[in-house]
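Enquirer: From first to last, the protein sequence lines stand for chains X and G.
Per this note's numbering, the very first residue in the first sequence carries number 1; after that it's consecutive.
Per this note's numbering, the very first residue in the second sequence carries number 433; after that it's consecutive.
Be a bit skeptical, because a hint or two may be false.
Said to hold, decoys possible - Cut-off 25 Å, straight-line C-alpha distance, at most; resulting in silico cross-link-like pairs (PhoX-like, lysine-lysine):
| no. | chain 1 | residue 1 | chain 2 | residue 2 |
| --- | --- | --- | --- | --- |
| 1 | G | K525 | X | K421 |
| 2 | X | K61 | X | K73 |
| 3 | G | K513 | X | K422 |
| 4 | X | K166 | X | K73 |
These are computed hints drawn from the structure, not numbers from a lab.
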Amino acid sequence: MPTFRTGPRTRLLGAAAALTALLAVTGCSSSGGSQAQDDPNEKITLTVNLFSDFGYADLYKQYEQQHPNITVKENRADMGAHHQNLQAHLLAGSGTADVEAIEIGQVAGFQAQAAKFVNFLENGVDAAQWVPSKTAPASSADGKVLFGLGTDMGGMALCYRSDLFKAAGLPTDRDQVSALLTDWKAYAATGKKFLADSPNKDVRWFDSGGNLFSAVIAQAPTGFYDAAGKPVVNENPAVRQAFDLVAGAIKDGESAGIQAFTPAWDTGFQKSQFATVACPAWMSYQFKANPPTDGGTWDMARIPGGGGNWGGSYLSVPRSGKHTKAATELAKWLTAPEQEAKLFTEKGYFPSDQALWSQPDIADHTDPLFNNAPTGKIFSQSAKDLKPQPLGAHGAEIGTALGNALTSIEQGKTDADGAWKKALADVGNIVG
Amino acid sequence: MAASVSAGRPARAARAPVAAHRRHRLDRTLSPYLYIAPFFLVFAGFGLFPMLYTGYVSMTNWRVDVPGSQGQWVGLENYRKLLDDPFFLNALKNTVGIGVLSTVPQLLLALVLAHLLNYRMRGRTLFRLGVLLPNVTSVAAVTLIFVQLFGRDYGLINWTLGLFGVEHIDWQAGTLSSWTAISAIVTWRWTGYNALIFLAAMQAVPFELYEAAAIDGASRWRQFRSITVPMLRPTILFSVIVSTIGALQLFGEPMLFGQQQDPTTGGSQHQFQTLALYSYNQFWGRFKYGYGAAVSWAMFLLIVVIVAANLIAARRMKGLDA
Chain X
1 MPTFRTGPRT RLLGAAAALT ALLAVTGCSS SGGSQAQDDP NEKITLTVNL
51 FSDFGYADLY KQYEQQHPNI TVKENRADMG AHHQNLQAHL LAGSGTADVE
101 AIEIGQVAGF QAQAAKFVNF LENGVDAAQW VPSKTAPASS ADGKVLFGLG
151 TDMGGMALCY RSDLFKAAGL PTDRDQVSAL LTDWKAYAAT GKKFLADSPN
201 KDVRWFDSGG NLFSAVIAQA PTGFYDAAGK PVVNENPAVR QAFDLVAGAI
251 KDGESAGIQA FTPAWDTGFQ KSQFATVACP AWMSYQFKAN PPTDGGTWDM
301 ARIPGGGGNW GGSYLSVPRS GKHTKAATEL AKWLTAPEQE AKLFTEKGYF
351 PSDQALWSQP DIADHTDPLF NNAPTGKIFS QSAKDLKPQP LGAHGAEIGT
401 ALGNALTSIE QGKTDADGAW KKALADVGNI VG
Chain G
433 MAASVSAGRP ARAARAPVAA HRRHRLDRTL SPYLYIAPFF LVFAGFGLFP
483 MLYTGYVSMT NWRVDVPGSQ GQWVGLENYR KLLDDPFFLN ALKNTVGIGV
533 LSTVPQLLLA LVLAHLLNYR MRGRTLFRLG VLLPNVTSVA AVTLIFVQLF
583 GRDYGLINWT LGLFGVEHID WQAGTLSSWT AISAIVTWRW TGYNALIFLA
633 AMQAVPFELY EAAAIDGASR WRQFRSITVP MLRPTILFSV IVSTIGALQL
683 FGEPMLFGQQ QDPTTGGSQH QFQTLALYSY NQFWGRFKYG YGAAVSWAMF
733 LLIVVIVAAN LIAARRMKGL DA
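If we strip away everything but chain G, and leave its shape as in the complex, we get (with noise of 0.2 Å):
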């Protein structure tokens, strides 16, 4: 792209080399910036101030009704109150659980995905973009589909599992059955996805080796657990940091799972309240503005400090390798 728009240059540069020259460097120093600014002045108008502005927010007792509590300053007394509050712990519980429970056999289902893709077969571009399928659909469409297939009366699942002598379950009353069902709508919609990232990288595992491999006699599964993971590490990391990032902002599946009147309540008690829909609930339900905010901050710093902790166990692992 770059290439292109400054191919006409060099011929009008040979009459005056001194000043083109001088132009040539400063637009070689300042384009990259330009070209790059659009996004920088995007982030900081709807990513970083935003994002300031919360923590901002956050430290004021500001709720609407309350008048002119705007800028009553309270400092980290919010976020005090967080590490007492029973409805924040109990978020934070099903964020986690629902998390791990949607994120591992995700990633597991990705991997072997992309090991099966990664064959040679008829129609391979087909599949491959089959898998991305799921992701494409809305999260909403797909989970009002998932809350009928988990219906309690009339469900397909409850009938399936009747063929099979087990008793109808209510998914949404308890704590474990809602959570499996909620990862299953998140399993669903992003193991397309991580599988196309990780068949792109096995695509760039050397082709040797599994010849090698072969040769040597070991079998297609010996070769995905001996040549293909070991390969893979960078990639599964990635996308054990992207999952787990996406698992802590779980919001619109929990969200649209529920079938309270206020959706934003995860459930009669609160037994699928992930973070987003408990910091959702306090800003714009409750309009607790100044607490929500603290409940979105201490989201991000979690988020942050999870992140912070996959790369240093990634920096062990790398190091126990070597």
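Bound conformation, chain X alone (with noise of 0.2 Å):
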């Protein structure tokens, strides 16, 4: 047959395309460098980096409309693709974006690598714009470079399902709800007698085990790594107790078992598979693209066991982008007050600056989508109620290995020591 006689030759023009193509490319990125920054008025596209919805797309038409030379493009890809482009790319020493972004969880594997980043406190960045706690781990060791812009973070709360909730015989009233579920220990007890009231049996008390013991961890004034960068997850007891607790819920059930971030999560949103969900400030898009099909509401109280941080991200610079000068002046823009204030009253993402949370439209801010709770009091106290934990270069590795022992006793194919045995095995083939 005709056909298959020009295979190979067609194969053999498409690898010589692609070499003369990557040629190109390569070419290119070494000749284009730097030069275009000095002039103003020249036609430049900003490549910006994202690992989900940051909430930017009307904020980019506002930057090109007042800088008409600009375009700004944005790419997305998942959290953990991210960061390990990223990390490739810096080290490779081109490929990355103008601005990149960077989680928290993530920043500290940057810090050994800060020089390769703009440093912002050269260019007219002002550093008590945030609290400390933002901008520590975004800084080098020597606190003389600052490498992320701090975005927006998760002061934390508890989201519940007030018609749930009242179908079980508690509380719907988010104040009561609060006393209620002062602490971890509290909300465990009350997710059984919930299980046990509950008309509808299908509904558990919680999402995800993994989900959970980010949120309890996140409240311990030490996590994975001690103060001077040394992990500790079998040493530091609030790691174990944090499990133990986690563990113990599922056992009596209260967990639906479902992996977060997942089709299946926003699944679970929907179809109501779960009463609580420890949210914070960020995760509210996932509450508002999956209303419950059931016409149930959702209703937010504080988080049990006070403050805590949980996730907040960071716009960086790395320098060896094409047009540094206009990618930090964007990424200025985008992290200054007036644009973050607009992006917790119009998308719900909670601001990192700490002048904003005391100020009236923040403080005040109701959302209509949790039954018009006061998320921005909730989540500036929560906020100010945070107590800096030490961060270390696999922080999110680490949480993901013991998340992902959590789910094996979901999924129950061990108890909670044989968990505990697996994750320390995954901790040891992380740092080891």
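Using the hints, put the two chains back together into the complex; each one sits in its own frame.
Expert: As structure tokens, then:
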């Protein structure tokens, strides 16, 4: 058949074309450099690499109107892949976008390479805009380089389904719920009561053990690393306590066992598979995108156990980018107080900018999505109560490993002790 | 192709026979190398060099979180570590398990399918092209759809099983259940591809053999067993080798099948972490370049060994025949 005969030739041509394209690309990047920075009116495209929706679409439009020569292009990868790509591109010295987001759990992994980023302290940024707990992880060890501008942060709350609470005979008023669920022990105990009294036996108390564990561990003064940067997963009793608490709740059948941030999780929101979710501010878009299909409503109470931070991000500008100067200006503008305030009131991302917390339009903000709960007040309080936790290079991966271990309990594959042992082996593989 | 290029030459050659003869000889000896050069240049740049460089990296202690470790020579230390790395051995077990679970049914199905496609029937070409369709679709798209089908709470497969009174299966959770699900994806994608290869070989089988068998009263099934399969032996061996290599490199399906936050862990307890996933996990997830490279090279060596074993077995079989 004639089609088969042309096969190898087309493949060869394809390979040759790929080769020339590659040479062209590498040729471009080596000659592109930073010459373009001197002419402020030259038409340029700034690329922004993110790992989820930061709610920036409208802001880009506004920025492009103010700067007619600039076009902003956003790319998104999922969180793990995004940070791996950034690491790889930093090492290679090329391939980074002009602006790159970094999540707080991952930021410590970039600290040693602070010199590869633009130092914002030398570019007219006042670090006092943020709380020290936000700027410290994105600074070099000696504090002379600030390589990340704080975007949002994860002040925490407890989201709960007031209709399901009512059906199970629990209080529905958010102050009463806050008073009932003061700490995680009370939370787990109430969960047991909920399961016993809820008329709908398909509803569980929370979405997934891994997610709950993230919330609990975020409140500990020390997590996976000590202040000296040494991993202390096995030595720190707080980790084991949090692990056992969640494992116990799973054993009592409180977990729906649905992995967070998966399509199944979205379905879980719609089909009312769980009554509570530990929710940092940035998670609210999940509730917005997946309203319960049985007409139930979400409400928001204080998080058991007090303050804590879970998540939140930074914008950084790698020096290897093509338009570092313009990118620095864009990053500064996106994280400026006016824009951060707008992102909170319109998209629900709580600002890391500390002066905003006491501003009336932030502090008094209520969200109709959560039955008009005073989200501004709840997240501000949580952020003010926050005690910064030492972060380490592999914090995010260790969290994932422990989350996986809890998942394996949910899947009925092992018990708390077995899962803990496996998790420690995983941690050994990560740091060792 | 080559004929049309040199078609205009002989007329000129007559004028200066000696020089032309020499040029012709040079052309004949050199041209073939020039024609194949692009492949070997590309292969040297994008195949051989990365492989050798990976081999070099696998003997260093290079990892991102240890500054200055780039050139630290450790010899075969990384390979020694592999031998008592439970994660590596687990990945090896998973790779072989999933490989057997997917390759065996896939090739058997392909053989049967090719046999059916070999019959005279209406719209034959359409069906023959149709079996290739699954292979044309992207791994990512296919896997994402299969993940939905194999969903625990609202998946179509569990729903169907539920009609027969089977409890919901958490496909991701178990070792065997996750292997089965991943094998289903692989089998779905590659059965048609192998079927076409078998079909091509079947068409080379002399029709007279079937005719004679039919006259002797052999059933279709008997013809398939006693004529088709023996005549196809070299083709089957080829498919086995290619599928085995593919199975040992299995990456996309288990990666996307996992619902964990870090997709390279291959399940909550690494129950479906394959060698390729583990290599990626160590190299790009943990940034242990030296160790990750060692895993890659171990994979390569493993493939060489298994393919060699296949060939030796094939030679033995041939020997028995003769």
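Enquirer: With reference to the structure, classify each hint as holding or not holding.
Expert: Hints, one by one, checked against the model:
no.: 1; hint: G:K525 / X:K421; result: 21 Å, holds
no.: 2; hint: X:K61 / X:K73; result: 11 Å, holds
no.: 3; hint: G:K513 / X:K422; result: 19 Å, holds
no.: 4; hint: X:K166 / X:K73; result: 47 Å, violated
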